[in-house]
Structure formats: structure tokens, C-alpha cells
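Undergrad: The residues making up each chain are set out below.
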Amino acid sequence: MTSSTRPTRRRSWARLRTAQLAVGLTALATVAACGSDDPGGSDKTTDVTITVALNSEPPPQASLDAFERETGITVKWVNIDWDSLQTKISAAATANTYFADATDVDWSRVGQLGRLGWFYPMDDYLDTDAMAADMPQLASFTSDGHVVGIPYDASFMVTTINSDLYKKAGADANPATMQAYTDGLKKIKDAGVVKYPLNIPFAAAEGLSTYWYEATEAFGGTILDESGAPQFTSPDSAGYRAAQWMIDAMTSGLVPPGNINVADSQGQQTLMAKGQVASTFSDYSGTVGSLYNIPESSTVVDQVTYLATPGTDGPAANLSNPDGIGIPKQAKYPDAAAKFIEWFTDAKQQVDFAGVNGPEKALPAYAMPSHLSAVEEMTAKGDLVGGEVLAAMLKTSKPVFEGGAPAWYPKFSNAVYTNLHAAATGEMSVADAIAAIADTADQLANES
Amino acid sequence: MSQVPLMESSEADLAATPAAGDGLRRPARRLVGRRGESWVPYVLVAPVALFILLLAIGPALFTVVEAFFRVNALDPPTRFDGLGNFRRLLDDPAVRTSISNTAIYVVVGTLGSTLLGIAAAVVLQRPFRGRSLVIAVLILPWALPGVVEGILWTGIFDPNAGLVNGLAQTTHLGSGDAVLLGQDRIQTIALIELVQVWQIMPLSALLVLAGLQIIPGELYEAAQIDGCGSWGAFRRITLPLIRPAVAVAMVQAVIATLNVFDQPYVLNGASRTASSVMMQTYFVSFQDLDFGEGYALSLLVTVVTLLVSLAVVAGIYRKVEL
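Residue numbers (the working numbering), protein chains in the order written: chain A, 1 to 448; chain B, 449 to 770.
Errors might be hidden in some of the hints.
Claimed, not checked - Covered stretches of chain B, as calculated for chain A (at least 3 residues, CB under 8 Å):
id, region
1, 629-636
2, 717-728
3, 734-745
Please keep in mind that the hints were generated in silico from the structure rather than gathered at the bench.
Owing to the predicted nature of the structure, the values given are computational and were not obtained by experimental measurement.
Glycine is no exception: its CB is placed at the ideal position from the N, C-alpha and C atoms.
Pulled out of the complex, with its shape left as it was, chain A reads as follows (with noise of 0.2 Å):
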């Protein structure tokens, strides 16, 4: 060694302390970014200012100012997009740190999120035995006997015809029956009424599940049974069956070729409100007073009508799909945000954000009230398009899976999303597609 390298290696050296120091620097602050393990949380419930994020627009600032006069809690809204929100959920709770205090619970992330622990038991702060009598949804976001979120609207799925289209052909317009309903559609074809009568949502995303959740459902049978077990693999079964006569739909041109890239929101509004197809089988509540007689969105105002699903000998049920609301273990004043969950899912309230009460008390794009009591009240008003049937529907409604959502969902329903998208597009056959959903089911199933 020369003596003049020996600098170069001092500096090296120093240097090498200073990243050492830099790592351990960062570490460090990562774990303390992590955070502790005790969400802890302040009971405070006056003063305070409590974040709520969903993939909704705001109250009224009147009405959050009239809240905020009452409980001395302060709203700080945040609108974030679905998929945005699911991750910083996940992200929020794996690092443990502060997201918000209230946020989306999804039907479809019930089992997972009992199963985390992500969320304070809801039953904890309200009495939810009370409330589920007025809100049969609530059953939706009930994991081992806790209840993860409150329903802030009702959502279920409904069957949507536009009945002029039905008219033109001579079709049934109220077929009760699976087979009377496909007899329609063929009518509907042949008649030259429209090209492709039926609308799927064939692309390879949630809304694909969903519909082949309802069509099990009408063609009486579930998905899984309590214990995670697939209970569609036999050709005889209702899943089984319900997988064909959609992948049939698409091959015998009841179904627009095309579809196998539109999603459930596209077809509504490209399809649906446009008079481009007769029928959706799986369509949402309340598409028809906010998507199909809005003027500015649709051709086809007050034709389109809500049906009492078909199903094998007789209306079928419909399956639950809402959104509710809950409070992460991360919030820093989770007393306060039963407060507002309190007041954001009161039956009043509903009524309140569905217009009745007029539009300055509205909530913008509000489906309608998961209370029982607030949609009769609706119904009695007449504020609600189909508000009779929509009741009606609402009271039968039943979860998609009786004892909730596993909380492997998500992987099962990427599985179900994908294979019957590759179905559709003549991938692979429907007998491939079950097994290969019902082998992630069985492989997830034994995993959990």
C-alpha cells in the first residue's frame, strides 16, 4: 500500500460507516413507520376531527354541519376509487399505521377482514342485534359472529328488461321461469328486435362472478357450501348448469360477440341504457332510477323494468352485493367514528340521501336504503322507481354465501372471473372452466 492510497481508503471506510449508519438510520424508520402492535385509539368523542374515506361522494355539507353541531365531531371526507381504497386498506393494516377512521368494508372482503382482525367489531358499538331486523343486509358483514361493517345502502342483485323491446317481439315480458325467460330472449332474437338481446358482462372482472352467483342462485343452488367446499362441479348442478347457459347465451348469439370485453358498469351504459340489448339477468338495484331514466344517459327512459328474478319453477332470490362501512384498528378515535356510522346508516338519514327530502339533503349517486323501513317509506312516497318490487326483493334478499364471504374470496373470484372469460372466448370449454375454479376453491379451502 502506498502512502498515497491510504486517504482513498480512510474515505472508503468512512464512507462505508455512513451507509452502515444510513441502513440502520432507515430501519429504523421504517419500523417506526411500521408502527406498534397496539392499535390503541383514542374514546374521545367531542372535538375531535375523524377521517372517513369511501368511493362516495359527500353528504351535504349542511347535513355533516348539522352532525358535527350535534356530536362535536368534525367529518373529513375523503373520495377515493374502489380499487384505490381496497389497497391502501391492505396496505394501511399490514404496516399498522393510520388510514382513516371509518372506511369501505365490501361484502366481498367480509371473511377476510373478520378473519385479519383489520376491523373493530361493529357489535361492540352498536347494537347491530337490534338493527338487523330493518336491515336484512346485515347478515352480509357478519364474520364468526361479528359484525365488520354496517350497510350504508342496499345493493342487490336484480333482473332488468327493457319491456318495449319485449312488447315488439309478443315476448313474455314477465317469464317466472329460467326457460320461460330464455324462451324471451330467442323470441326477442328471431323477432329481429334487437340483434343480441341479452347482456353479460363476460370480461374477466368481479361483476362476471357476481352474475354467475345469481344465475346459480336461480337455477337453485350456491356456489359453496359453509365449509368452502365447490358445490358446482357436477353437470346436474346449479352452478354447473347456470355456467352453461351463459356460455351457451354467448355462442347462440343471444349475447353480443363483443361482450367479452365489457365490463358490468359498460354494458348498463352502452348496451342497456341504449336499447342495444332487451334484458340484463344480473343487473344492480336501482339502476333503473339512476342510470336507465336519466335523460343525459339512456334512450330508453321509463322502459326499462325490474323483474322478479326467474328462477326454476318460480322467482328466485336475490343475492346481496352492498357496501358498509367500518372502523379499521388503526383509527385514532374509533368511539367517535361509531358516532358517525351511527348517524351515516340511521334509517332518517337514509331517506335523507335518497332525495326524498330533497335534493339538498341528497347524497349524489345514492342507490337506495339499506333500512328496510326507510325504502317502504320510499315506496310510499313513490320516490322510488320500482320501489314495490325493489322491496319486496330487499326483504328476501339473501347473502351470496350463507356463512360469509371465506376469506380466500378474493383469489376464488379472480379464479371464477378468469375462467369464464377464457370459457367465453372459446379458450376453454365450461366442463375446464368449473373444474378449474372449483380445484382453486378446494386447493383454497384446504389452505385456510
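Could you slot chain B onto chain A? The hints should help.
TA: Okay, now just chain B, sitting in the frame of chain A:
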């Protein structure tokens, strides 16, 4: 060109500065170490270095380590798993499909954006009326978020009410109900990549344009005198001299295409027909909550990005001295 590191400056350097009077020298001395090293560069660089350490290098190191651990929110606790995450990923048909899809994205996207970028740069190099406006318009797709572009092109490719089918029907060139995406794998990937090329090509064009600007006009004049035609000049002068710029453009295209997410997700959903590795990373991490596999897949993408980029630099880059 010799480079003198800032940290090598010493008191002697400061003293040698002609304008360095006593009043100016005093504050500098307070930032000079015992061995005569100036702390000024460190102080100036520290905020950025800290920022990079905390937000890039820290998480990167964390990812490298965690890729070898089983980190699954639904299967606690976190435990060492060796190559388990990598094995499970490579056994997953969805991941394998996404890898081959991504390979096609990289080849199509890198070649497409580079060739179009060179073509656009050559056109833009010559002065013409409205050139600045064309450059401003050209750069717009690059400035748009991928999701916005995906939504925009959804309207163009929509099988039932899209622009392409509408035009085909109006001009009697097609039935108007062609299924453009989702049916044929190669066609779907090619059309999705067309959207991404539309996004990344402007940057390639600007990088190559910058490379073209430094080529002296005398070289072309000399070539012309020697009887060289336009194509010959382009092949023998332009292309060799813009190789550094092309290499940079290709590397940015490789990085963008290897990390493609928005366009396939928005245009083709979660379908395996055109799913990318980054989509699988998202599904594995945030849908299945298997963060260990997510870290492993991210690490694989990083390593492949590095290797492909190095290969591009080794194959394309040549030092140019003018």
C-alpha cells in the same frame, strides 16, 4: 474528460480562489473538517440522499430480504422460506402466462417506440412551420396517466360502440362488430402495446431528437460531396451517432414495458389473455395478501429489468466523440 469530485476540494483550493477574501472565507471554514474536507457538498446532497434512502433504497433492501420470507397476512407468522416464494410463483400458471405476455410487451413496445421515436425525431429535426406546436402535441400522451389513456382507448376499441367498429361500419370496411380485444392473444397484446407505445414514444422521440441536434451539419455536407445519398447518410452518419440516445430511449422503453400495468388492466381486465407481471404482482400482494410472493415477483422484475437494460446498453450504446 477528467472529473474532480467536489469532496476533494481542500483549503488550498479555497485559498487559491482569487475572489476569496477574508469575509467570504469565514463561513466556508466553519464547514471544513479537520482533514480539510468540505462538508458543504454533503450538506447540500443530504436532503435528496435521505429522501432516496428512505423512499427507494430502504424499501428496495426491505423487498430483497422479505422476498425470502413467507409474509402472508392470512397465514401468519412471518417466517423464513428460502426460495419458497419463487417456487410457488413459477408453479402458478397465471404467473407463467403473465411472464410470456410481458416478454411480448417488451419486444413489441421497445422496438415499436424506438423505431417510431427515431422516425418522429428525424421528421422533427428539420425546421418547419408549427414545429414547436407539433412537439408540444406529441408530448401530450407521455404526460397523460396510463389509466386515462386506457379509458380513452376503451372507447376506441369498444366492440359494441367503439370508434374503430363505427368507422369500419361507416366506411363499409367491416361489419362493425369485430371483437378487437380479448379474443386473440397476440392481437390483444399488440393493440394494448400500441396504446403504451403511443404513450412512451414521445419521450423516445425527444431523446433521439436531442441526439440528432448535436450532429454537426458538416458531416452531412462532406458525405454529400462524397456522393452519399440520404439513406446512406442516415445509415452511416445518423444512426451511429445517435446510438447513445437510442440506448437511453430503449432502456426507458424496457423499463416502461416490463412494468406495464394500467393499459392491460383497464383495456382487458384481469383476463390472462394479456395480463402482465405487474398485474400479477398486484393480485398476489393486494388481492391475495401474500406479500412475500409479491416481494419475490417485484424482485424478479427488478433483476430482469436490470439485466435487459444492461444488455441493451451493451448492445446499442457506443461512446460518441464529436
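Undergrad: Can you tell me if the region 629-636 of chain B counts as covered by chain A, using C-beta to C-beta distances under 8 Å and a minimum of three residues?
TA: As far as the region 629-636 of chain B goes, the hint holds, because 3 residues have Cβ atoms under 8 Å from chain A.
Undergrad: Checking C-beta pairs, does the region 734-745 of chain B have three or more residues closer than 8 Å to chain A?
TA: holds (count 5)
Undergrad: Verify the coverage statement for the region 717-728 of chain B against chain A, using a C-beta to C-beta distance below 8 Å and requiring 3 or more qualifying residues.
TA: This one holds; 5 residues, not fewer than the three required, reach chain A with a Cβ under 8 Å.
In the structure shown, no violation is registered for any of the earlier numbered hints.
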